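Asker: Listed below are the residues making up each chain.
There are 2 protein chains.
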Amino acid sequence: MSHNALTALAKSLPASVPFVGPETQERALGRAFSARLGANESQFGPSPRSIEAMAQAAQEVWQYGDPENHDLKQALAAHHNIDPGHITLGEGIDGLLLTLTRLTVASGDAILTSHGAYPTFNYHAAGNGGTLHMVPYLDDHEDPRGLAEQARLLGAKLVYFANPDNPMGSWHSADTVQELIDNLPKSSLLVLDEAYIELAPNGTAPDLRPETDNVIRLRTFSKAYGMAGARVGYAIGPKSLICAFDKLRNHFGLSRISQAGALAALKDQAYVDGIKQKVAKSRETLAQIAQDNGLIALPSATNFVTIDCGRDGDFARSVLEQMIARALFIRMPFVAPMNRCIRISCGDEAAMDLVAKALPEALKAARSA
Amino acid sequence: MSHNALTALAKSLPASVPFVGPETQERALGRAFSARLGANESQFGPSPRSIEAMAQAAQEVWQYGDPENHDLKQALAAHHNIDPGHITLGEGIDGLLLTLTRLTVASGDAILTSHGAYPTFNYHAAGNGGTLHMVPYLDDHEDPRGLAEQARLLGAKLVYFANPDNPMGSWHSADTVQELIDNLPKSSLLVLDEAYIELAPNGTAPDLRPETDNVIRLRTFSKAYGMAGARVGYAIGPKSLICAFDKLRNHFGLSRISQAGALAALKDQAYVDGIKQKVAKSRETLAQIAQDNGLIALPSATNFVTIDCGRDGDFARSVLEQMIARALFIRMPFVAPMNRCIRISCGDEAAMDLVAKALPEALKAARSA
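Going line by line, the protein sequences match chains A and B.
No gaps in the numbering here: position 66 of the first sequence is 66 in the UniProt record's numbering, and each next residue is one more.
No gaps in the numbering here: position 256 of the second sequence is 256 in the UniProt record's numbering, and each next residue is one more.
Treat the hints with care, since some could be wrong.
One copy or any two copies: either way a pair holds, since identical chains are not told apart in the list.
Stated by the list, open to error - Taking lysine to aspartate or glutamate pairs in the DMTMM-like style, the calculated list, with each CA pair at most 20 Å apart, reads:
{"#": "1", "residue 1": "Lys73", "residue 2": "Glu26"}
{"#": "2", "residue 1": "Lys239", "residue 2": "Asp348"}
{"#": "3", "residue 1": "Lys267", "residue 2": "Glu149"}
{"#": "4", "residue 1": "Lys11", "residue 2": "Asp109"}
{"#": "5", "residue 1": "Lys276", "residue 2": "Glu149"}
{"#": "6", "residue 1": "Lys11", "residue 2": "Asp246"}
{"#": "7", "residue 1": "Lys239", "residue 2": "Asp207"}
{"#": "8", "residue 1": "Lys278", "residue 2": "Glu179"}
{"#": "9", "residue 1": "Lys278", "residue 2": "Asp207"}
{"#": "10", "residue 1": "Lys278", "residue 2": "Glu60"}
Since the hints were derived computationally from the structure, they do not count as laboratory data.
None of the values given here were measured: they were computed from a predicted structure.
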């Protein structure tokens with residue numbers, strides 16, 4: 001029964017959560033996973049300098065973090081060569097989506113995304129009373145022209161677009177994304193989720209024109225920087241939008257330790273370059289494992305590889321369950337026809353060996369089920 | 001100019017923030033504070049076991065934290081001898097207030113607090129369109145009978161009450177608080193902020209009756225536990241309210257490092273007992289310093305002491321500014337007549353020596369201004 005203090009909107013919202021964590025599954029299974037390859041965490045970890053900075057900051061954790069996130073914001077502004085007034089920080093991209101949807105979504109507003117894209121965006125849009133509309137994927141890619149067309153028809157308030165895409169790993173060129181930005185109606189704000197952008201080929205991100213374009217771009221330290229557990233994301237957008245975050249955000253929400261870690265991680269770009277190479281190698285390994293098992297790995301510009309299991313969603317789900325039964329945490333797309341696939345995060349050689357060993361067994365078990 | 005994507009509510013909200021951080025002041029002053037005694041942080045820090053757990057967890061920060069906060073929630077349930085279904089975690093009490101007000105405050109709802117109490121509650125209530133009403137303090141205490149009476153007259157949706165109180169340090173007995181709980185109309189949810197409760201005398205907190213009482217109690221690791229920078233708070237309330245937090249919260253919002261640190265801190269209750277003694281001693285020192293300067297320290301059940309400067313708000317503000325000019329970060333109440341006071345956090349002997357040295361100088365300067 002709903003508590004009587006809840007608003008009508010809160011009462012109407014489902015109790016479901018966007019993602020079940022691996023720890024929840026481990027508790028249900030009664031044992032730990034041998035490898036965490038389901039949440040596109042970076043098993044390679046962050047820069048050792050970041051770890052050292054966090055251990056150091058733990059000594060000073062009696063102090064609140066700087067609510068202006070000044071040092072990190074300045075460093076990000078320098079890194080991107082933009083004015084710090086175009087940047088706001090949040091508790092991961094999820095935290096930024098929470099505040100962004102609160103700022104922009106009123107009851108009944110049309111909100112547009114792709115059917116099968118990031119569920120946490122949908123969760124936060126619905127959490128503010130937005131009415132979700134979805135454009136299908138086109139050949140395992142989000143469909144920028146379909147989105148622009150629907151945005152005009154609906155007068156969509158927000159249009160969510162991830163480049164590269166999760167869960168498919170696919171991507172569009174900077175030119176295509178810029179075309180989407182330019183083709184949207186002026187009343188539509190593009191929410192451009194670039195969580196994986198550091199791992200994508202050069203030429204995937206359009207130039208930053210934070211004041212000109214009606215777009216808010218979301219970046220994170222959770223993927224290439226290897227700091228998912230620290231919860232640091234940032235948004236880049238027009239100053240009039242960015243400064244509005246201060247009206248609603250949890251000003252002291254970012255851990256002091258996380259701020260210190262992210263700053264150190266940002267400064268160690270050589271480490272990030274090394275991660276890109278490790279991720280690229282792991283993508284190749286995953287593609288080879290897929291091929292060895294008669295499956296097709298989709299091209300990926302992220303730190304995961306989506307593998308077409310060649311049959312329907314029920315079969316892919318069965319493969320996934322068999323992988324989980326072999327203590328490998330992986331996930332899969334939610335929506336047909338993408339749910340013919342499983343999705344495996346990149347990892348080190350030991351993790352890849354576990355995948356190579358488990359996948360043929362899982363496929364065999366799924367085929368005979 | 002407001003960005004055109006903002007909702008009408010977002011456009012209407014002020015750009016002001018609840019608190020300016022000491023780092024912002026340091027940047028403006030061009031130098032670091034000698035002591036941070038303004039935000040009621042615990043200069044004594046957390047348990048060394050907590051620091052060790054956080055340094056250890058930094059190595060594993062590539063993994064998201066458990067979105068169910070399972071281990072910490074179970075430990076808190078055991079600590080309080082209640083069912084874990086009565087507990088939810090958040091990014092500090094501020095993060096919990098953010099989600100609580102989103103869950104319960106609709107446009108125009110009457111929200112009740114005390115005039116001069118915690119501004120971040122007001123910020124989040126207004127951020128959801130609530131209409132704030134305020135009851136005056138009574139003799140430097142929040143006024144539970146006045147609040148209950150106004151709650152009935154207004155049909156208040158939420159009633160905020162801090163025990164012990166910030167910024168005055170005053171407190172009510174458990175019996176008085178229970179009377180408030182019992183006297184509120186059934187339609188009013190009591191938001192009982194117990195951020196400082198571990199530092200208060202025994203008999204300050206009413207018994208936990210999380211299913212019976214229409215109250216949500218807010219606790220934190222920021223004060224007695226010394227982990228302000230880690231952002232870990234928790235709420236205890238009826239299951240039907242607590243489970244609704246899952247509808248809106250940032251599920252992965254709590255840093256993995258912070259969860260590990262809080263768990264270790266919770267387990268080291270002997271350390272917390274030591275902190276209580278250090279805080280009590282520092283309160284006595286601050287009272288002595290006040291007396292030595294002809295001022296009156298108000299009784300405190302917190303880790304700070306509010307000192308009556310004996311004149312009006314302008315004078316106290318001048319004293320505060322003189323303390324800040326002497327590189328001591330302190331704060332003061334915002335509202336008359338409490339703003340005749342300054343508020344100084346407890347600290348170690350070195351910090352207290354700095355206060356003892358600076359206060360007579362600051363008073364002299366303020367008197368001659």
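Asker: Is it within a copy, between copies, both, or neither that the alpha carbon of Lys276 lies no farther than 20 Å from that of Glu149?
Answerer: neither (35 Å within a copy, 63 Å between copies)
Asker: Tell me, please, which holds for Lys239 and Asp348 at an alpha-carbon limit of 20 Å: within, between, both or neither?
Answerer: Neither way: Lys239 and Asp348 sit 40 Å apart in one copy and 42 Å across, limit 20 Å.
Asker: Between copies, within a copy, both or neither: which fits Lys267 and Glu149 at Cα up to 20 Å?
Answerer: neither (41 Å within a copy, 57 Å between copies)
Asker: Under a CA distance limit of 20 Å, which applies to Lys278 and Asp207: within one copy, between copies, both, or neither?
Answerer: Close neither inside one copy (26 Å) nor across copies (55 Å); limit 20 Å.
Asker: Indicate which option fits the pair Lys278, Glu179 if close means a Cα-Cα distance not exceeding 20 Å: within, between, both or neither.
Answerer: neither (32 Å within a copy, 63 Å between copies)
Asker: Is it within, between, both or neither when you check Lys11 against Asp109 at 20 Å Cα-Cα?
Answerer: both (19 Å within a copy, 16 Å between copies)
Asker: Since the copies are identical, ignore which copy is meant and state whether Lys239 and Asp207 lie within 20 Å (CA to CA) inside a copy, between copies, both or neither.
Answerer: Answer is within; shortest intra-copy Cα gap is 17 Å, inter-copy 48 Å.
Asker: Within a copy, between copies, both or neither: where do Lys278 and Glu60 come within 20 Å Cα-Cα?
Answerer: Result: close only across copies, 18 Å inter versus 33 Å intra.
Asker: Pop the pair Lys73 and Glu26 into one bin, within, between, both or neither, using alpha-carbon distances up to 20 Å.
Answerer: So Lys73 and Glu26 pass the 20 Å test across copies only (17 Å; inside, 37 Å).
Asker: Measure nothing new, just compare the shortest in-copy and cross-copy C-alpha distances for Lys11 and Asp246 to 20 Å and report within, between, both or neither.
Answerer: between (27 Å within a copy, 12 Å between copies)
When each numbered hint is compared with the structure, violations occur for hints 2, 3, 5, 8, 9.
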